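Spelled out from the first residue to the last, the chains are:
There are 2 protein chains.
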Amino acid sequence: MLQTPKGTRDILSEEVMIRQEVIEKIKSVFELYGFRPLETPALENWEVLSAKGAGGEEILKETYNFDDKAGRKIGLRYDLTIPLARFVAMNPNLPLPFKRYQIEKVWRYGDITRTRFREFLQADIDIIGSENMITDAEIIACTISAFNTLGFKNFFVRINSRKILSTLMELAGIEKNKVIDVFRIIDKLDKIGFDGIEKELNEKNIPKNSIKKLLNFLKIKGEPEVVIKKIEKIVNRNEGIEELKGIVSYLKKMKVEQKFKIDLSLARGLDYYTGPIYEVFAEEGIGSVAGGGRYDKLIGLFLGREIPATGISFGIERIMEVMRERKMIKTERNKTKVFVVAVNDKVRDKVLEIVQDLRKNNISADFDVKGRSLSKQLEYVNSLRIPYSIIVGEKELKKDSVKLRDMKTGKEKLIKIKELVKLIYKS
Amino acid sequence: MLQTPKGTRDILSEEVMIRQEVIEKIKSVFELYGFRPLETPALENWEVLSAKGAGGEEILKETYNFDDKAGRKIGLRYDLTIPLARFVAMNPNLPLPFKRYQIEKVWRYGDITRTRFREFLQADIDIIGSENMITDAEIIACTISAFNTLGFKNFFVRINSRKILSTLMELAGIEKNKVIDVFRIIDKLDKIGFDGIEKELNEKNIPKNSIKKLLNFLKIKGEPEVVIKKIEKIVNRNEGIEELKGIVSYLKKMKVEQKFKIDLSLARGLDYYTGPIYEVFAEEGIGSVAGGGRYDKLIGLFLGREIPATGISFGIERIMEVMRERKMIKTERNKTKVFVVAVNDKVRDKVLEIVQDLRKNNISADFDVKGRSLSKQLEYVNSLRIPYSIIVGEKELKKDSVKLRDMKTGKEKLIKIKELVKLIYKS
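Here the protein sequences come in this chain order: A and B. Take the first sequence: its letters are residues 1 to 427, numbered as in my numbering. Take the second sequence: its letters are residues 1 to 427, numbered as in my numbering.
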């Protein structure tokens, strides 16, 4: 049976137009915040994708890869962060900080759901070259601004710190070599709940007592100031707490709407995070629609010397799904304004003339290329939901006129041909 | 050594912006002509890509492919036409004619040159469902309009017909089973010249006499009417000639600028073409920047019944290279309008306030996230070629003012903070 590869799909006209609008809005906010575009190849050398300390073993299991004809192993990128780190390492003279955005496809051979595909679109912003927490605040501020611009009401940014999480794990008595596995299990909280996490931690042979302690920690969440006080009571002095305090204080100075909370159960799945991590949570339903964090050691893997970095990735398909569920998207979309209909074969040359004239005046126009009857043409115009048709008939042509038909109401008006352009502009 | 896979590359900020502009212009013309967007996955099942009569054996040698984890063979698409044919076959109830555009990447593991990459961007328009030559004229008219909109002066569309070529080969005494190979050899004319073609035809064991005859035919080119008369003398009645006459007559009725010529040496490399073929030729230098033709049997391979179709593919990288060579692209591009500089640490909070205020007023603004000195900040602004900086100092703040500096001229003006937005809009 004819099909697209599993987990991939065709995207039809209306949805492509909606995607383009969503992308345009996000892009405009990225540019407002001073981010600049970058494109990297879909294919990356395997040694880049699989660098130790990069995405980690789990993600590599989901990475499409193959030997090229020269016997070199290459793969399709699973995110836009590894390629960015590789790019920065290859361009050591780049003026820093480097603020880049990238909106391109990534591929993951993972489980498929209604909103999880194997080929999907990510929109990333990252700032390379500053360890100051103002950088993380800038990423979060830009993110909140982008979701506001898209028209989102119910959403907030969950913030946590890998450093605090590590300390909590130490306090809970979890062995160092199991920490990354535990991060990955906690990351599934939205999907499997606390019970599911308990079960998976059990399977990893984490002691019952440690699990209990850990789960209690993870349940701490709420307004930043309250949570920070609670954590301070547990861990005393901790770099992670200072960092979160810094982010929160910068966000206030930037007068960013308080759409952010600290949530100790946020873990993120990839290995490379080293400090603050964040995630945009669309309340009700789908959950995470964007996620990221600081990765100060990733570029060092490729460059040999560390360059601090932080950033976030927007999941376009998931964002669009929430927008659809919340009816934030007006449905009808049509760039073709008018279809010029020939009443019979004698007027077809005149139709061509009118169509070309409309197009020259920047009016999107189409016409029949199959020599069909009047009624078949109108049926076609309706099926494409084109809002207007111009009906060209011999009788009207004698008066240098045509009929302009509003396809929704069916109303027709006799119009002089030379007044068509002006009239269509108005409507 | 760290690198991108051979034949692929990173695309930096300025070039991405130029690409986006070129794509926007092309897209706007496609939409003016009533084409609608479609996106298909980068990955296609191998049985689609390798269907007999689709792209042909040669292109499959250049197609990235691998077995997915379920043991199914998949590949990266080498064009946008095969995926379109597959899509139409999967959606047999689509209203026809279906006019679609698609601007996406394709991959070919071929020879690399300065303008030939292994990952590149194509912009395609196709009309599915009409065998009328007005359809081909519409494709050519839209193509000429797009190149005009991009600002191209020296270019023309070469038109030929696979049907005429086949007849010429018959007349030259070339065996039927060698015809596709000969098409592919002729297609290299721009690269290897007539001598190269003669050599390759010899290697394919085409008789000397046939080669001579064929090469004489191929040298016929020029204004449509003249060439058509010459061909008619050679082949008498031929469906291909009638088709070309039809296209030329429709283009005249559409009042399309006469930027098209008939050229019997045009062959196109892919197997699936069945009738008229066309190519946009940028005179001087790079040669072909767009190519396509009619493929009436391709959809039938997937659907079981034939649906006529025709279309063209624009090579974005090659178009941009010609635009660069011809200095059609203004160089400097910067979406960030202003950088807000802190004279010392005491004013950094005020900088944040001003930056956020500019952004709220839709002015793209950036600031220092590294706590650097005044001179280091200005150096950075220059390296990013941001046109303006706002210099925030204690003395000026006392008068609710800042300095606005034109980075090109170095001129500074003292400005009230509340007048900043208005003033920057003006400049």
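Misleading hints may appear alongside valid ones.
Just some of the chain B residues that point at chain A, by a computed CB distance under 10 angstroms [to be verified]:
1. Q3
2. S145
3. S210
4. E412
5. L414
Here are some chain A residues the structure puts well away from chain B; computed CB gaps all over 12 angstroms [unchecked claim]:
6. P5
7. F30
8. Y109
9. I134
10. G196
11. E239
12. M328
13. K370
14. R372
No lab work stands behind these hints: they were computed from the structure. Everything numeric in this text was worked out from a predicted model, so none of it was measured. Glycine included, C-beta positions come from ideal geometry on N, C-alpha and C.
Checklist line | chain B versus I134 of chain A - minimum CB to CB distance exceeding 12 angstroms, so not interface | finding: About 5 angstroms separates I134 of chain A from the closest Cβ of chain B, which leaves it inside 12 angstroms; violated.
Next item on the list: Could you check that no beta carbon of chain B comes within 12 angstroms of the beta carbon of K370 of chain A?
Entry: It is violated; K370 of chain A is separated from chain B by about 5 angstroms at its closest Cβ, not greater than 12 angstroms.
Checklist line | chain B versus P5 of chain A - minimum CB to CB distance exceeding 12 angstroms, so not interface | finding: Violated, because the least Cβ-Cβ distance between P5 of chain A and chain B comes to about 5 angstroms, which does not exceed 12 angstroms.
Checklist line | Non-interface label on M328 of chain A, tested against every C-beta of chain B at 12 angstroms | finding: The claim holds: M328 of chain A sits with its nearest Cβ about 21 angstroms from chain B, beyond 12 angstroms.
Checklist line | Given hint Q3 of chain B near chain A, where the shortest CB pair must fall under 10 angstroms | finding: Hint holds; Q3 of chain B Cβ to chain A Cβ min 7 angstroms, cut 10 angstroms.
Notebook entry, point to check: F30 of chain A: least C-beta distance to chain B exceeds 12 angstroms?
Noted result: Non-interface label on F30 of chain A violated, nearest chain B Cβ at 9 angstroms vs cutoff 12 angstroms.
Checklist line | Minimum beta-carbon distance criterion (10 angstroms), L414 of chain B to chain A | finding: 24 angstroms, violated
Check: Can we keep the E412 of chain B interface hint, with Cβ of chain A closer than 10 angstroms?
Finding: 21 angstroms, violated
Notebook entry, point to check: Since R372 of chain A was said not to touch the interface, does its Cβ keep a gap of more than 12 angstroms from each Cβ of chain B?
Noted result: Check fails; 10 angstroms does not lie beyond 12 angstroms.
Note to self: Checking a non-interface call: every C-beta of chain B should be farther than 12 angstroms from the C-beta of Y109 of chain A. Is that right?
What the structure shows: Violated, because the least Cβ-Cβ distance between Y109 of chain A and chain B comes to about 6 angstroms, which does not exceed 12 angstroms.
Notebook entry, point to check: For G196 of chain A, which was marked as not at the interface, is the minimum beta-carbon distance to chain B over 12 angstroms?
Noted result: The claim stands: G196 of chain A keeps its Cβ more than 12 angstroms from every Cβ of chain B (closest is about 25 angstroms).
Check: Was the hint right that S145 of chain B lines chain A, CB cutoff 10 angstroms?
Finding: 7 angstroms, holds
When each numbered hint is compared with the structure, violations occur for hints 3, 4, 5, 6, 7, 8, 9, 13, 14.
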